[in-house]
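**Student:** Full structure from sequences and hints, please.
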Amino acid sequence: MSASTHDRYARLTALRPARRLDTPPCEEAGIPAGFMPDVPEGAEHLARLLGAEPRRNRFGEHLALRRWFPGPAVTSSEITPPEGTIDDSLLRLLAPSAPKEAADPRQWLFLDTETTGLAGGSGTYAFLVGLAWWDAGGLEVEQLFLREHSEEHSLLVALSERLAERPVLVTFNGKTFDWPLLETRYRMTRSIPLPAPRAHLDFLHPARNLWRAQLGSVRLAELERHVLSWNRGTDVMSELIPSIYFDFLRGGPPAPLIPIFRHNQMDLQGLAALACRVLSLLADPVQQGRDALEVWGVSRICERRGDAARARTFYERSVALDLPPEADRAARRSLALLAKRGGDFSRAVELWNGLAGSSRAGLEAYEQLAVHYEHHERQPQRAAAVVRQALAELRKAARLGTLAPSACERHKAQFERRLARLDRKVGRMFPEEGSGRGVSP
Amino acid sequence: MAPSAQGLAVKEKSTLDTVQDALTALAGRYRTDEVLTSVKHIPALEAQYRPMPSWVHPDLAEAYRARGIEKLYSHQAAAADMAHEGKNVVVVTPTASGKTLCYNLPVLNAVLEDPDTRALYLFPTKALAQDQLAELHEMAQRLGDCFGTFTYDGDTPADAREAIRERGHVILTNPDMLHTGILPHHTKWMRLFENLRYIVMDELHTYRGVFGSHLANVLRRLARIADFYGSKPQFICSSATIANPAELARRLTEREVATVEESGAPAAEKVFVFYNPPVVNRNLGIRRSCLNESARVAKELLSRKLQTIVFANSRLHTEVLLTYLQQTNPPAAGGPQPIRGYRGGYLPGERREIERGLREGRVRGVVATNALELGIDIGSLDACVMAGYAGSIASTWQRAGRAGRRSGTSCAILVASSSPLDQYIVQHPDYFFGRSAEQACIQPDNLEILVNHLKCAAFELPIGPREQFGSADIQELCARLAEAGYLHRSGESWHWVQDAYPADTVSLRSVSSDNFVIVNTRGGDVSNPEVIGEVDFSSALTTVHPKAIYLHQGQQYHVDRLDFDQRKAYVRPVDTDYYTDAVRYTQVRVLDPAEEERIAGPAVRAHGDVLVRSQVIGFKKIKFFTNENVGDGKLELPENEMHTTAFWITLERGLLDSLPFPLSDRQSGIFGLLHALESMAALLLMCDRRDIGTAVGERPGGASSEAAWQDAPAAIRNPSEMQEFFEPNLYLYDAYPGGIGFSEPLFRACELLLRKTRELIEGCPCESGCPSCVGPAGEKSERVKEAALAILACLCAQRDEAQETSRLRRRG
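Taken in order, these protein sequences are the chains called R and L. Take the first sequence: its position 242, counted from the start at 1, is 506 in this note's numbering, and no numbers get skipped. Take the second sequence: its position 648, counted from the start at 1, is 1184 in this note's numbering, and no numbers get skipped.
Hint data in this document are derived by calculation from the structure and do not stem from the laboratory. A virtual CB, placed ideally from N, CA and C, is assigned to each residue, including glycine. Zero decoy hints are in this set.
Short derived list, chain L residues pointing at chain R, Cβ under 8 Å:
1. T723
2. E996
3. P998
4. W1032
5. V1033
6. D1035
**Tutor:** Structure follows, in structure tokens:
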């Protein structure tokens, strides 16, 4: 570059005074700017520190670290690796279209990545790929690490090999985050074929159904603490992970990476433990469920996967226990619909009568009751009476302000239309009982 | 003559007559040639046809035949042939000449021949993409749905995106979405990029200045990614008529591009009228208001049952005109409102209803902003009234084209405002109707813009050791980006090492991402502040300084506080009868002249790199309409330095000595001339006045400048103390850091610029200077206009004199 372009660039960067550029982290770490060795100085040091070793294949080299964790020590709760294949009906609840081999936990490959950002896109790298599988009554963890961007090819080939050995991918939020990101990485190579897992079990979705109501958030560390009663202790903050790695790339010391390796190991252990907990809950919620909400969660999963029989059983169980009011209403509402679909109208009517009120579920219950009396019992007068009751309830809610005015108006209009129709129907069926509105003698 | 034919003839004649009647009614009271500066009758043009090319797939030919297209206009055939041969091509045609077929024909033909073929269409706005989508859907239906076509923009629902990536043969999008949504996620678009054969760019002339310079870099990124996936797409572009379509296309795409300029489309008969509101104060050069006169014109047309569209240049003006026209054209008892407004901010349903009303004739008149300029189908109206010049010839024709798109006589009336551009246009119809002199300029190698896109490029694909990206030495730039913590070198390539996403922070509409946010506090209700806009760093100090009146969508806001560090301006809505004009002291220092040449005068024209130092030291309050100065204030704001490019003219001592004026008149003449030069430069470059800065400085403007800088603010406040320039430089600089490509074209067009400026000042009927020519009278001397013209006379002296002089210096 000519001296003049050099100057121009210098002038250009000097143009805007006040706003700071993102502070180059290398300065903080005391590394002279522009110091860029081809292999980080600390790489060997890192290998020694971690007990990792370079792994070589036809695409080059990367670092790999193996460690075995004994099963029962994974968490303080009594979690052990599943024995034998899991029941097919359980597998359907997790992944309805998964092939049979997914039921064999020996085929499972737990996966969790540490990345250079959360936004995705082709410039985000997975610099640490953590893998784990059940082995000898415990969990074998293997971590693949990029000491340099140029080692990515060899890392991806290693991942493909592991996935060929155990083709069922098990993740936490991997369907949305980790796996699409790895797909991008494979495509960026233009040479290494994208491996195709036989199945992908993502435990985020069941975790949401089971625990969001209790915990508000379903972050893995949160679940470990509250569901598995396991406290991680000190852990690196996820937001700092990319910059710690960038510091290392720029020649920083390797020691700050160690907490990231540990974090990734804990994520894998937590995931494996969580998977066990979800499986045992799904298998026997009545025995395994710690509270009514967990049982309710299982019923929701069963309902979503179309297992109506089990869904009804566990909903009944959860309402018999002590659910918080909102969950109780939701459970009874679902239960009533399942009962109706199953032809058990008396149970449905019973539930609707219990629900009827000015809540959303309550108004829906009135509506369901009206439909039931009109079409199933063929008693339009009774249906009309239910609707009048609903309208009275709405008037009260409007007066007390317990329902938003717009919602109030909407429901009111719906019920009034229904009532008008019912009144006409009653008039046609029983002209002599016409409510005195100008029926000619 | 058969009765029916006679009836038709009578009707044809009466449209022309009706317009004539309306014009007589409007201008009868005044000296007609002063008000109607041009009444141009444009006769109908016959179509030039060519047969459907033999290479067109029979199914495609059949599909077009079913739409009533059996043969092509000559330019369609020429463009499609070139595209089919594999050339990059730009079609330059008037509105409604069937340009979409120029690209749809070769693209769909390629898709029919190889169903893997993919094409990417870029439109400057979402509305245009929607319009094209309808046409492509119709073609897809006729072709048995053998190809998929989708728009992909910010409105595309997330769950539809995957299907679009897999199944879309033709993807319609805009540059911003390509920049932030597609390129950074190219692995998801593998099928598109592996098979990308065509890139279609419509309305190419809109990609100029900052936006165009960004787009050129986005296309560089696109080319890298296409190359990565092994495709080499070909460009098919269309542009409105400008002076340099081929050059623009070449600079944007960095490929050789062939042009097709002869339109074979038929055109209907049209009357194009320039209406200059009558002068009410000859001394101050004040004319009747453009808005009121536009309303009068529209009223005359509407009262003669001509369906009329009225264009205004701002939302506020739209509302004013609408109110007026609705009052004078009340709906029939119980009938629908015959006059409607149409602008951004109306709901889509409302817009569709108005469009339908126009097509069906229920709506008799519509007042619109440029929201209706492009693409939207409203059928053919009888008349178009433009309240003020649209800023470029291309968009003026586009607006005029909304009346009489296909057949029948129509009329377009441009009502001039008192701005220099408007006045120049209506007083020099030849400039408008002759060969276009408008240049679309870009500077893709603007370092700040280029570096931003280099970051995006590194995020998309690591940057290899032998890569090219514009003219910059990118290895050096990458090393600097690595120092700043953005990139890391591994192996031979540079990789992105930030967790942020670079495209998100780069807007294609401004040079740097360092913007000031305008916060509306609603007069103290700080609990609920609202961000109403952004201004970029370079214009913030002049537009949102404390006590400034900031205009946003026709509403005035008073700037209560400027938080320089947080980059925020706090404003509240007000209703005042004045606006503010920042008093800025600007000093330009030449860093590196690229070319210098002596011209008549004696004078020198030059362009090159400059350093602009400026400080806002105060402001004036200017009353609307009369432009009176009604007060001023002092400001203490930080000074600002900018490295950019400039074009300048040096007036040598000999020239100044030859002028028969005292010092103060000479100085006023210099500033007046610069004001007029700026207007004409904006005209030639199709840019906003804000895009160009002006300054006067001493040649050589070097070492002594630090002292001069310190004294200058005082001198500005008291012009009589201003020292005399020995040999002044008149600078027109690009108002963006790094320059945006205006300076060299101005240097080349110097002679044209001077001639146009002379025509502007000479043609202005004011006595001694007005805002339409040399700037508002008042502070300047009475002979400012005279002096400016005298300088111009020297500069425009015989060309042969200039030719004797030789080029001083030329740098590659």
